[in-house]
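Asks: Throw the hints in and build the complete structure from the sequences for me.
2 protein chains.
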Amino acid sequence: MKIRALVAMLVCAGVSFADEGMWTFDNLPSAQMKAKYGWAPDQGWLDSVRLASVKFPGGSGAFVSRDGLVLTNHHIARGSIIRVSPKDRDLVKEGFTAASRDQEIKIPNYELRVLVSTLDVTDRVKAAAAPGMAPIDADKARKERLGQIQAEMAKADSGLSFEPVTLYNGGEYWMYGYKKFTDVRLVAAPELQAADFGGSQDNYTYPRWGLDFALLRVYENGEPYRPGNFLPWTKGGLKAGDLVLVSGHPGSTFRQQTLAQMEFARDYTIPARMRFQERQKAAIQEYGKTGGAAARHARDAVWGIDNGYKRIYGQLQGLKNQDNMAKVAKEESALKAALAENPALTKKAGDSWGQIEGAIKIHRQLLDQILMLDGRGSALLGYAVGLVRWAHDSSLPADKRKDITDESLKTRRDALSRQQNIDDVGLDTVRLRAGLQEALDVLGPQHDIAKILLGPATPAQVLSFTLSGPKPAPVQGVKTPEQAAMDLLSGTKLNDEAVRKQLMEGGNKAVEASKDPLVALARAIEAKARPLRRQLDEEVTAVISEHSQRIAEARFEIQGKSHYPDATNTLRLTYGPIATYPANGTLMQPFTTFHGLIDRYEGWGGNQAAAEGELWTLPQRWLDRLPAVNLKTPYNFVYACDTVGGNSGSPVINAKGELVGLNFDSNMEGQAGYYVYDGATKRSIAVDARAITEALTKVMDGKWIVDELMDAAAPDAPAAGL
Amino acid sequence: MKIRALVAMLVCAGVSFADEGMWTFDNLPSAQMKAKYGWAPDQGWLDSVRLASVKFPGGSGAFVSRDGLVLTNHHIARGSIIRVSPKDRDLVKEGFTAASRDQEIKIPNYELRVLVSTLDVTDRVKAAAAPGMAPIDADKARKERLGQIQAEMAKADSGLSFEPVTLYNGGEYWMYGYKKFTDVRLVAAPELQAADFGGSQDNYTYPRWGLDFALLRVYENGEPYRPGNFLPWTKGGLKAGDLVLVSGHPGSTFRQQTLAQMEFARDYTIPARMRFQERQKAAIQEYGKTGGAAARHARDAVWGIDNGYKRIYGQLQGLKNQDNMAKVAKEESALKAALAENPALTKKAGDSWGQIEGAIKIHRQLLDQILMLDGRGSALLGYAVGLVRWAHDSSLPADKRKDITDESLKTRRDALSRQQNIDDVGLDTVRLRAGLQEALDVLGPQHDIAKILLGPATPAQVLSFTLSGPKPAPVQGVKTPEQAAMDLLSGTKLNDEAVRKQLMEGGNKAVEASKDPLVALARAIEAKARPLRRQLDEEVTAVISEHSQRIAEARFEIQGKSHYPDATNTLRLTYGPIATYPANGTLMQPFTTFHGLIDRYEGWGGNQAAAEGELWTLPQRWLDRLPAVNLKTPYNFVYACDTVGGNSGSPVINAKGELVGLNFDSNMEGQAGYYVYDGATKRSIAVDARAITEALTKVMDGKWIVDELMDAAAPDAPAAGL
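Same order as they appear, the protein sequences are chains A and B.
If you're matching positions, the first sequence starts at 1 in this note's numbering and goes up one per residue.
If you're matching positions, the second sequence starts at 723 in this note's numbering and goes up one per residue.
The set of hints was computed from the structure by calculation and includes no laboratory data.
Any given hint might turn out to be false.
Claimed, not checked - Restricting the straight-line Cα-Cα distance to at most 30 Å, the calculated cross-link-like pairs of lysine-lysine (DSS-like) are: (1) A:Lys561 / A:Lys632; (2) B:Lys758 / A:Lys289; (3) B:Lys1011 / A:Lys36; (4) A:Lys632 / B:Lys1420; (5) A:Lys632 / B:Lys1354; (6) A:Lys698 / A:Lys235; (7) A:Lys528 / A:Lys509; (8) A:Lys289 / B:Lys1354; (9) B:Lys1283 / A:Lys239; (10) B:Lys1354 / A:Lys93; (11) A:Lys320 / B:Lys1049; (12) B:Lys961 / A:Lys93; (13) B:Lys902 / B:Lys1378; (14) B:Lys815 / B:Lys1354; (15) B:Lys815 / A:Lys632; (16) B:Lys1052 / A:Lys632; (17) A:Lys703 / B:Lys1354; (18) B:Lys815 / B:Lys1052; (19) A:Lys239 / B:Lys902; (20) A:Lys330 / B:Lys1354; (21) A:Lys327 / B:Lys815; (22) A:Lys239 / B:Lys1011; (23) A:Lys289 / B:Lys1049.
Stated by the list, open to error - Covered stretches of chain B, going by a simulated chain A footprint (3 or more residues, C-beta under 8 Å): (24) 820 to 831; (25) 1305 to 1312.
Said to hold, decoys possible - Chain A side only, calculated, beta carbon under 7 Å to chain B, not exhaustive: (26) Val84; (27) Trp353; (28) Gln355; (29) Asp599; (30) Glu602; (31) Met668.
Virtual Cβ for every residue (Gly too), placed ideally from N, Cα, C.
Replies: So, in structure tokens, the structure goes:
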């Protein structure tokens, strides 16, 4: 409550609250918007924006020129930029700007999608479940019906690719039809150090100076694609208080979870993940101190951990916020009260909260054990566990496979095949040691699983315990985590692609016969994990799934579409103003500028000091060319839209339908939004469109691209005139 | 613990921890410093710095030129700048730079002091207390002896002014001799909006762009004073990791409190203060919405509240930090364990923790009542209460006055005399209403004190209750807070200086006879408060004082001077590196620059938007002249020294004894340092010396002053060659 008091203190009358909701395009709360902003999009606006929105693998983007330029985040395109880099160049590090259209580089095996048609198939799907069916059978029937509809639509010669979408946890079923684009070329991307200035430290924070953009171009039949709809680049300004909208693909949210589920996440699952990551990080950093390549590898590994850690840390803070939990409790009470007045719904879901609580109790008993039965931080042990599991599942007769389809087995096999050798077995060893130590500490030395993971000590190891002084062996007759990790990773041959290939081709028989110590341990892990997983599936996951759906259906019957559905990695629209928020004891400025980029660069001592792993250094080209830049140009801004992961690369759009910014992050306070929406502090972070054109023109040799973008811009034209 | 985990995550190897301790100049931990930094000041360095250090009313400063220029904070000199402003000009708003020495403006009634001599009188003072004396008598005897010594020294013709200093809560007694300067003139000060850029919002935060400096000059006999020692202005650089030292006058800290005392502050006294301030602020803001003068007055009042609120909020966060409290508990346990091995000390203080806990229980019972018996947020009621208390105390016969000296009565009378009429009785009314409402809510409507504060309702008021609808009167027969506040402040004549003067001159008789409603209420408040205060004095304050001293003496006997004493508003030295710290989800940059000033200005929309009450606007002169400024010049920096309030204006000094910065604030995380020192996050904030010279030269027309400062600077000369 005291933090709330401070927030209350800092929130002046001028602070606007964010507008909750990731709305489907068919169901925007127009009346609400009009009441607050005096404006809401009409159908033309919505259609234009939807057709200009592009779905990326793992993110979002938008058409921004008549000739098929697509804007997204550098961090969304990064994998592609790596893949198109010539052997002798690192375009991620160097940046890239095509000198002209014919210099654009084709990205292999890349696919972008545009949502062209949406069809509500709720009635047909719901009709598949006969009244009186057992819930589990009803669920299966609905899934089959969805599959039938999808197959039917695929047969029609629409040129579209269809995907079923379940909204409101089963309140609605839709079939979304996408137009796919597979000839996508890299046009421009700044240097990583400009795109990701501040790296993992500045990730999820603000004020911020990230130029996290990349421009690609879509081709069709070898020619630039001319999209029917694109977002004209704004020539106008943008200021605090202005309304903006974001169109994109938020991944998934858990806002419909019950209070008990959120408390379980708060008290058990998130802390357990944090504990694992903290221990892994500490071990990696210790290893990194040995210097040289180890330091480099450690830094990369830490980056990977920090990124996820900050996010769940933010989620945890949100779940620990008493006001947030009170909001969830209140909504839950209201729903239960509404149920109580409706016998049919009471019959359906009245018992569901209790059922979910029961399932959570079982989950709690299983949690620590199941968590320890994985790769324990080691990439190679993780590979071995995946291999054993795949081989075992593949060997099952069809009638014992349950939900395991041939396709899912193929996907898993493909993933295993793509696994590359690791660079640093030393790093893998210290990570495994930390993971084994965690298992020992969490489960206790007498636990079966601890004994399986550590394995019996050799006589020499027992002797070394005895000789190592006053510290007794942690478990009679088993290895220390250090010894176990050393023995496993010095003994394995799995870091050899040929060995892995051989095992995979040999299937379950070869895997069962392998004497490789990691494969042997993985077999033991899987033997222990299998019944636990089965129990988890049957007594926890299935129960929660069933009753979550019952609650969702009851909620949907009561609320209808007055609410928005949880995020499902499908196209949504969210809106809100450019707005400050209270953080770090003050109010955050709505915009940053190039001046601030220099301030943060110089404030850390610049390239000369290269402080904190060079996080705040700048490419030499930037230092050379910044004197020509208009330093007052806005760089990033914060705004009160409701976004989560998956919205990366989403266009930020003004009411005229113009592109004014590029969403690339949200603040740490906003991570709570996976569970609960807190409008006072949740903010999204965007690159200002003006920063992109200024950088392209003055730093990145991309004047011709800006000309293309600006040619398209029509400041006084209506948004949809495309 | 989870916050700690994040801190641990963010703290990379490069983050230096602050060095704890506000050391007296006779007892610097030189061995510790040498071990860590390879250097420690020698006696010459210490003497030079001490003699260059200047004590300001409410703050610190230093001589920085051969001709007596003294550097301090704008916010320390602000009251003086107001006083020297000509009738038609506001030099606080406009800024001021003397065109030449003869244009410097003399500040009336101003006194600066330099600590010239320190004399350890511990033996003489301790000898005053005979063995076996009751503790309360021993305390009195020691105080008398201190007074005797002070009187003796005053008689000697040293030209110095002597003050007793108690260190280590009675472990040591000293007599400090100060040279006083009373001819002090204003030389230069920037505009408030540059000095206090970001205002109350950016107060206690970082990154920061405050040019919080003022330059004064000391004169003697009408000529610029030539100090024997001053700090030469650095011509060299300063960078992250560099060791700096701060010489200044930290006000008071509570680090020696027992765990029970800190828990009481955490759970009761600080939350109660926050509650009062939150309610006051809400009422003031509501009032401010009426616009015009009310908005201005409300803003000023809110500023005053926010400043204090942020500080205690930071303190509370520090006390809620489990690691901090664990540290206190651990130190307390260690001390108790050491005591247990020493029968003499056990006899002295073994019981003292328990005694303090008992006193705290009583304090807890009295707290809410005593807190409500004050001015309740109203300046005029506050004046009336002070008047009644002073008049009553003055009327007491000498033998009943206890600790009340003639001098303290005179001081109180002087303070009452200086009280000015208030500008906005409307504001005072809403504040009083909020204060009365708080009393009603906290004590309940049936409590005696609530009844006293609200007073009996008139028949018309009772009727208006009845007519006002379903909401019943909160207390049968008493006024609502709103009615009470209106009646009191519309009926009083106290906002007339003549009336106040008359009452004061009439003494207790006039005050007792006054029919002024505020005076009448103040009499009732005081009649109720007097016995409660007596109980507090006897059963709480005296007990805690006695036993705190016993614990302190035991601690001092065990630890000696290996530790530093709590701050006592006397000269101390602290040291540490320029260092980042984790906040707002990332790492704070060690320095800021003029670029960042522009970034924060533009990021809020500049003077045109004048956002959030113009907090981040800039004077027109700055906008006109910034193009000529070297924007990469460092502006502010953070460093890991152990400072608290009172250190405002302290010089930040490098190992060569040069002035490199000017302390003006510490971060919010650092406010915990009043109770517990947390080196991971506690940081002091300074203006970089280079920002001052750049601004004086390029913006403030102060080239001649920079010439004087630079003339004095001798980059390669030894520090003490003065």
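Asks: Against this structure, judge whether each hint is valid.
Replies: The hints, checked one at a time:
1. A:Lys561 / A:Lys632: Violated - the C-alpha atoms of Lys632 of chain A and Lys561 of chain A are around 44 Å apart, more than 30 Å.
2. B:Lys758 / A:Lys289: Roughly 20 Å between the alpha carbons, so the hint for Lys758 of chain B and Lys289 of chain A holds.
3. B:Lys1011 / A:Lys36: holds (21 Å)
4. A:Lys632 / B:Lys1420: Holds, because 20 Å separates the two Cα atoms, which is no more than 30 Å.
5. A:Lys632 / B:Lys1354: holds (15 Å)
6. A:Lys698 / A:Lys235: holds (17 Å)
7. A:Lys528 / A:Lys509: Given that 30 Å is the threshold and the Cα spacing comes to 19 Å, the pair holds.
8. A:Lys289 / B:Lys1354: violated (33 Å)
9. B:Lys1283 / A:Lys239: violated (58 Å)
10. B:Lys1354 / A:Lys93: Answer holds: Lys1354 of chain B to Lys93 of chain A is near 26 Å, not above 30 Å.
11. A:Lys320 / B:Lys1049: holds (24 Å)
12. B:Lys961 / A:Lys93: holds (28 Å)
13. B:Lys902 / B:Lys1378: holds (27 Å)
14. B:Lys815 / B:Lys1354: holds (26 Å)
15. B:Lys815 / A:Lys632: holds (26 Å)
16. B:Lys1052 / A:Lys632: Violated - the C-alpha atoms of Lys632 of chain A and Lys1052 of chain B are around 52 Å apart, more than 30 Å.
17. A:Lys703 / B:Lys1354: With a Cα-Cα distance of about 28 Å, the restraint between Lys703 of chain A and Lys1354 of chain B holds, given a limit of 30 Å.
18. B:Lys815 / B:Lys1052: Given pair Lys815 of chain B, Lys1052 of chain B is violated - Cα atoms ~50 Å apart, limit 30 Å.
19. A:Lys239 / B:Lys902: At roughly 54 Å apart (the allowed maximum being 30 Å), Lys902 of chain B and Lys239 of chain A break the hint.
20. A:Lys330 / B:Lys1354: Measuring from Cα to Cα gives roughly 52 Å; hence the hint is violated.
21. A:Lys327 / B:Lys815: Measuring from Cα to Cα gives roughly 46 Å; hence the hint is violated.
22. A:Lys239 / B:Lys1011: holds (24 Å)
23. A:Lys289 / B:Lys1049: Status holds; Cα separation ~29 Å.
24. 820 to 831: violated (count 0)
25. 1305 to 1312: Since 7 is at least three, the answer is holds.
26. Val84: violated (31 Å)
27. Trp353: violated (28 Å)
28. Gln355: violated (30 Å)
29. Asp599: Holds - the Cβ of Asp599 of chain A comes within 7 Å of chain B, reaching about 3 Å at its closest.
30. Glu602: Holds. Min distance 5 Å.
31. Met668: holds (4 Å)
Consistency note: the structure conflicts with the earlier hints numbered 1, 8, 9, 16, 18, 19, 20, 21, 24, 26, 27 and 28.
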